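Asks: Chains E and P supply the protein sequences, listed in that same order.
Counting along the first sequence from 1, when you hit position 174 you're at 174 in the numbering used here, and nothing is skipped either side.
Each number in the numbering used here comes from the position in the second sequence (counting from 1) with 1000 added on.
Just so you know, these hints were derived from the structure itself, not from any lab.
Fair warning: there could be bad hints in the mix.
[To be verified] Among chain E residues calculated to face chain P with C-beta under 7 Å, some are:
id, residue
1, SER152
2, ASP208
3, GLU246
Computed from a predicted structure; not experimentally measured.
Every residue, glycine too, gets a C-beta built ideally from N, C-alpha and C.
Number of protein chains: 2
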Amino acid sequence: MRTDQPGRPDYVHGYTPRESERLVDQATALTEFLHSGTAFPAGGRVLEAGCGVGAQTVTLARNSPGAAITSIDISAESLAVARQRVEAAGLTNVVFERADIFAFPYPAATFDHVFVCFVLEHLQDPEGALTALRAVTKPGGTLTVIEGDHGSTFFHPENADARRTIECLVRLQAEAGGDSLIGRRLYPLLVAAGLSDVHVTPKFIYVDASRPDLVEGFTRNTFAAMVEGVRERALDAGLIDTHTWERGIAGLHRAAEPDGVFCYTFFKATGIN
Amino acid sequence: MRTDQPGRPDYVHGYTPRESERLVDQATALTEFLHSGTAFPAGGRVLEAGCGVGAQTVTLARNSPGAAITSIDISAESLAVARQRVEAAGLTNVVFERADIFAFPYPAATFDHVFVCFVLEHLQDPEGALTALRAVTKPGGTLTVIEGDHGSTFFHPENADARRTIECLVRLQAEAGGDSLIGRRLYPLLVAAGLSDVHVTPKFIYVDASRPDLVEGFTRNTFAAMVEGVRERALDAGLIDTHTWERGIAGLHRAAEPDGVFCYTFFKATGIN
Chain E
1 MRTDQPGRPD YVHGYTPRES ERLVDQATAL TEFLHSGTAF PAGGRVLEAG CGVGAQTVTL
61 ARNSPGAAIT SIDISAESLA VARQRVEAAG LTNVVFERAD IFAFPYPAAT FDHVFVCFVL
121 EHLQDPEGAL TALRAVTKPG GTLTVIEGDH GSTFFHPENA DARRTIECLV RLQAEAGGDS
181 LIGRRLYPLL VAAGLSDVHV TPKFIYVDAS RPDLVEGFTR NTFAAMVEGV RERALDAGLI
241 DTHTWERGIA GLHRAAEPDG VFCYTFFKAT GIN
Chain P
1001 MRTDQPGRPD YVHGYTPRES ERLVDQATAL TEFLHSGTAF PAGGRVLEAG CGVGAQTVTL
1061 ARNSPGAAIT SIDISAESLA VARQRVEAAG LTNVVFERAD IFAFPYPAAT FDHVFVCFVL
1121 EHLQDPEGAL TALRAVTKPG GTLTVIEGDH GSTFFHPENA DARRTIECLV RLQAEAGGDS
1181 LIGRRLYPLL VAAGLSDVHV TPKFIYVDAS RPDLVEGFTR NTFAAMVEGV RERALDAGLI
1241 DTHTWERGIA GLHRAAEPDG VFCYTFFKAT GIN
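Go ahead and model the full structure; you've got the sequences and the hints to work with.
Replies: Here it is in structure tokens:
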């Protein structure tokens, strides 16, 4: 459930303009919630690793107006979109650089703080990425990681076909080398990467009919839309048949009806180098 | 995951002394968290429906010292234990009465507030129970409901056998007429029972090695112990074989190791009559 885009041809969420638009809508609805509690002090040098199209960058920069933010991504195309968005927001505390987490151009201990959101879920070696990020963090500096966990999803009414569509997304992401169940294991990952004082805050999304903005903004336009986005790949891979898929997607939308409920958990982890 | 005991021979958690002790330990660890935000004003008349052995009653009475609490249960034996516990805590604002939610001895509009915790999950007709509870609530009075949801459980490392042991508990509770996935549907249940301004607060339990009290108090001694408590019934019913069961229970305890993580969600719902 990342809102940025790495430069990988097998990126599970795709690169179409419509997908890009959905990712931005999603970020708008969720960003405030996910960023709450995250602000970096004036004068601090902050690295945003894997900024993609900048879905998180505007909020990050706005919440830490005195910080000097370096936002990197491996995709020049994504960086161009991110730069435009930050300029449109009138923010001047971000510089963009093309860089690869696994081949950093930065000397050790360059940054006071590192921020990574919806990136580790797509990497084959998330612990290696954290180790690389830790290496460019100053001693005593902090690392902040935000990830989702598709296995945290549950809803009412219960629907086995809907679960199967989500399972398709999980399997496609696993086949691409990622882990869409990564949220739950941020604690052991950060500890294994050598960070100390690791603290995890679950960010639980609860949606019922009394929260119509979330029914549209999360259940339908973020989560169901994300699952629907892998339809062709799931069918082509033979992970599911068309009828089960259709029933499953209908089941996800059923949870957005007035007597439906939808739940999902993001996780935010912080650690000190 | 109730901490009280209804007078039903098919009560899934059983009635042994050791089970009773576990339920109290569980309540001690969780009660503060589940009750946070719940306090009733001085002079208010409060009904606690299904108090069982009083696992919630002491905290309820302590957090609302000026309220006059009536705690009822269908089991005289449970009420005796509850009364002892409340007396031992030096609390004088609770009276205990034997009563059945579905055959109330109270006139309509008797109580200002009604509190129900870990009760609906065991009832064949939770909506009927809510309707009965609403009938004894004054117009403008409130109903507060707390329930768990076993389907909200996820953990690291992922373990299919551990999921199967949880599924046994869910099925046994369903066969006894209950619904251990009820937490997620409190909103539609309260709305269907005619309550207004229904508001649901998820109470997410997140456990990693940085929270050793929860590792012991929740992952091992509450959740794993609860699942282990239905071992004989699950095996006797042929829901699972012994080897899978043993591996599954080991899997639950594996999530309590230093690199493990365990997640569970309770739900608190309030509504106005």
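Asks: Quick check on E:ASP208 please, does its C-beta sit within 7 Å of some C-beta on chain P?
Replies: Where the cut-off is 7 Å and the nearest Cβ of chain P is about 4 Å from E:ASP208, the hint holds.
Asks: Hint validation: E:SER152 versus chain P, beta carbon distance must be below 7 Å. Holds or violated?
Replies: holds, 6 Å
Asks: Mind checking the CB of E:GLU246 against every CB in chain P and telling me if the closest is under 7 Å?
Replies: violated, 24 Å
Hint compliance for this structure: hint 3 alone is broken.
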